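Residue numbers (our numbering), protein chains in the order written: chain H, 2 to 459; chain F, 260 to 700.
No lab work stands behind these hints, which were simulated from the structure alone.
Quick caveat: nothing in here was measured; it's all calculated off a predicted structure.
For every residue, glycine included, the Cβ atom is placed at its ideal position computed from N, Cα and C.
Some hints could be false.
To be verified - Covered by chain F, per the in silico footprint, the following chain H stretches (three or more residues, Cβ under 8 angstroms): (1) 32 to 43; (2) 49 to 63; (3) 84 to 98; (4) 112 to 119; (5) 247 to 258; (6) 366 to 375; (7) 400 to 413.
To be verified - Below, a list of computed lysine to any residue pairs in the SDA-like style, where the Cα atoms sit at most 20 angstroms apart: (8) H:Lys361 <-> H:Arg390; (9) F:Lys651 <-> F:Leu465; (10) H:Lys206 <-> F:Asn631; (11) H:Lys361 <-> H:Glu396; (12) F:Lys670 <-> H:Gly179; (13) F:Lys498 <-> H:Leu37; (14) F:Lys651 <-> F:Gly673; (15) F:Lys314 <-> H:Ala35; (16) H:Lys432 <-> F:Ser421; (17) F:Lys498 <-> H:Glu38.
Said to hold, decoys possible - Not the full set, but computed from the structure, chain F residues with beta-carbon under 8 angstroms of chain H: (18) Gly319; (19) Gly370; (20) Lys585; (21) Ile633; (22) Ala642.
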Amino acid sequence: MRDVLDAAIRASRADYTEIRVERTWATGVSFRGARLESATASEDVGGCVRVLSKGHGWGVAAFTSLNQLPAMIERAQELSRAIVLDEPIRLADVSPQTAEALLDLDGDVRGISLAEKTRLIEAYNGEMLAVSGDITDTIANYHDEVTEYWFVNSEGTSLHELRPEVTLSGTAIARKNGTIEKALESIGLRKGWNSVHTFAEGFKKAGERASHLLRAPTVRGGNYPVVLDPEMAGVFIHEAFGHLSEADFVYENPQAREMMTLGRRFGRKVLNVGDNGAVPGLRGTMPFDDEGVPTQDSVLIKEGELVGRLHSRETAARMGERPTGNARALSFRHPPIVRMTNTYIGNGEGTFEDLIKDVKLGVYACSAFGGQTMLESFSFTAAYGYMIRDGQVAELVKDVVLAGNLFQTLDRIERIAGDFQWNQIGGGCGKAGQAYLPVTEGAPHVRIEDALVGGEVG
Amino acid sequence: MIPQALDALKRAADAGDACWRRSERTTIAFESGRLKSAAVVEESGLNVRVLKDGKVGVAGTTATDAPPSDVVTRALASAALGEPLAIEFPSANKFPSVATEAKSAGVASVGTLADIGRGLVERLSRPDAQINVTVEREVAETTIGNTAGGQGSYRATGVSVSADIARVSDNDVLMIYDYYAGVGMPDAADLDAVVESIKTRLELALTIVASPSGSLPVVFSPMGLSAILLPLEEALSGKTLIQGISPLQGKVGEAVFAEALSITDDPTLANRPASYPFDDEGVPAAPLPLIERGAPRHFVHDLETAARLGGAQRSTGHGHRGVFGKPRLSYSNFIVGTTPTARPRWSLGGGLTDGIRDGLLIDDLIGVGQGNVIGGAFSHPVALAYRVQNGKITGRVKDAAVAGNVYDLLKTIGGWGDDGRWVGTRWSPSLLLEGVSVAGR
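Extracted from the complex, chain H is given alone in its bound form (with noise of 0.2 angstroms):
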């Protein structure tokens, strides 16, 4: 492979040829209730050529057929001349990387029946089905994949990279009197087989939880103080700032550059919040980005203060700051663009019991069903909560949903347990019509002095 793609770059005329090739194969599992809904293997193989010549825009063909690859080269480069740039792109400088990163396997999927996946998510789904007679319904799936990565450039960069990548999830659905609730399971990981065997306890979790819910009022809505968990803290850190940290949001843009000045105050002293795709084994790890950029530790806020942002090349480039590993795509049908790899709120001081001896009243919101923002505007909804009174956790409570603005609600986070950790969930991050990233977050216990909170009004 690696010859061909080489021939390919030096039969290219542009200025800069970048190819990129993958092969997935994917294994996926699904139970519907007691069902087994499906069980498929598929193989998926294409390739990404993109290329950028002086004076001209970004040409990029995605292609199925990989022998069609020097048509492709062609049909990219045309595409690139068809546009006129009066101010060049430009691409930061990174030095040529050469790397064989055959990312541990952990236990080969490939190497598994379908039949021993099909059997291990049943056990799992049986656990939630055997709860009780509340759950009326469950959804879990396997999901595995292993994806020979290709990756060369016209500046000599060339890797070959084997990434694993199993995830699982159950949702078990509880039913009674006309009220129906839902609780998630789910597990994501840069890893094979070895690691999929000790979930058992967390889906029974998940199904005792539905069940629980049924008979826990809706949270009163209202202002509170307000403890997430380092799961919901994970997820608010990437969808209410993280986001705003991608340098394409701001490298065009003179307003949203301001808003966004390096030693602008986001927060208090505790604060600190960083992006790191070289942790191993994480969702959103991988040694080299999709422009063959080294993965790092970036750090975006230190002590309240933004200090750094996730760039590409390109933003980089455009910024006069340094390229941090932040380019991704989805697949070989999308050129990569700067996203998050493995987000975090660094780790405070102290016990979760210390963050909240002295909330009198307020609400603990626990694990994630989803968040989106609108730039400063954001919605989280927990999938539980409970109340804390006088120092203790107290009722469990549904319906949690955050809502707020962003510059706010990070000015209020007032303290910051020690215990960290990072999230090891499924799902992943839609941005540009590339969805779902493998993407991951970590926390600890992040206490905000005062947040909405939805719910019954009134």
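With the hints as your guide, set chain F onto chain H.
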């Protein structure tokens, strides 16, 4: 590709079907007003399903260098694990005539696409905002075949032109977008509608006003209606029905909603990107009334959900396939409230704001689809909303949230606007609902 796949299917399985799709999509993107990239994606893939010893299996591939028998072998491995399912493949090979292709779109050059984008950038340009425009054209060919003799093939084109404008002022970030989507190239009136929509909504949003609070009349624009319609889309799915979790189960013919609510799914509409003569399982397309004058009528089904439900239920022609995985249920053109017209008239609120003393007009909400959709309850902060006072839109409301339950709210419909339009594959006018819970801050 299909004949070879069917040969392999007949040799190895009791029955089966295959869907092959080839597509080419060209995209040009103006970033902050500058055309910076042009991209093409060429893709072809094969999805096959087998029936073996009464069990169903599926597999898919884009590895076009491999023989179709490879993917059939993988589908057989999938079937070995499957549950018994008495699926019947349709033998139809005569289908309704549905216009899915515009020759002009297929041959449009990158230069032509760029000119459309440039025109929009110029018309929307303003010193205090950034404009992104994307123009996309797709040409696709779909071929299906099965061992019962069913077969068909059609070509489709699709063009979309989307524009968004972002205005950052201190800590206020305002984003407004709109788009054209059709089978053919947009004409001047189509582009005028995009420009007018963005400009009008932007101008009205520059003034920020306080939000009212309480149980209020709220107009949901066609773009703002998703939170209201999503629970119905889930409830009317045959899949939800066979799981026993649809709130509309057993309610066919009952007056569940206000009489003013009617919904039809129609894959046979001419010149819509979601239309087709047959679905990806070879079932002929036909319009399907889902809710008629407030009463549920039909649920959408594909071959599998129909077989699982049993009795007289047949697929309604709503099976959709990607390259990977099994067919899944999906709507085509989801038509709400009024009958689609060829030339929609754009307005904000569709005339529904006239009689409102104090209320909101919702154009976009945050977090739609999160949480417990099937139960009908929603609670969302606004992404883009306007205050309506004494029949006039007085400005943009920030930091407000709306909540309610769709099944309660849709018992009374305050009115439909005269501004029916397409939002993706959904047609609807604005909708006025009374008594929506609004929490201002």
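Against the structure, the hints:
1. 32 to 43: holds (count 10)
2. 49 to 63: holds (count 6)
3. 84 to 98: Result for this restraint: holds, n = 4.
4. 112 to 119: holds (count 3)
5. 247 to 258: holds (count 4)
6. 366 to 375: Coverage by chain F holds here, the residue count being 6 at a Cβ distance below 8 angstroms.
7. 400 to 413: With 6 residues in contact (Cβ-Cβ under 8 angstroms with chain F), the coverage given for the region 400 to 413 of chain H holds.
8. H:Lys361 <-> H:Arg390: Holds, at roughly 5 angstroms.
9. F:Lys651 <-> F:Leu465: Within the cut-off at roughly 15 angstroms; holds.
10. H:Lys206 <-> F:Asn631: holds (19 angstroms)
11. H:Lys361 <-> H:Glu396: holds (14 angstroms)
12. F:Lys670 <-> H:Gly179: Distance ~18 angstroms between lysine 670 (chain F) and glycine 179 (chain H) Cα, so the pair holds.
13. F:Lys498 <-> H:Leu37: Judged against 20 angstroms, a Cα distance of about 14 angstroms means the pair holds.
14. F:Lys651 <-> F:Gly673: holds (17 angstroms)
15. F:Lys314 <-> H:Ala35: holds (16 angstroms)
16. H:Lys432 <-> F:Ser421: holds (16 angstroms)
17. F:Lys498 <-> H:Glu38: The hint holds at about 11 angstroms.
18. Gly319: holds (5 angstroms)
19. Gly370: holds (7 angstroms)
20. Lys585: The hint holds - lysine 585 (chain F) has a Cβ within 8 angstroms of chain H, the shortest such distance being about 5 angstroms.
21. Ile633: holds (6 angstroms)
22. Ala642: Holds, because the Cβ-Cβ distance from alanine 642 (chain F) to chain H comes to roughly 4 angstroms (cut-off 8 angstroms).
Checked against the numbered hints above, the structure violates none of them.
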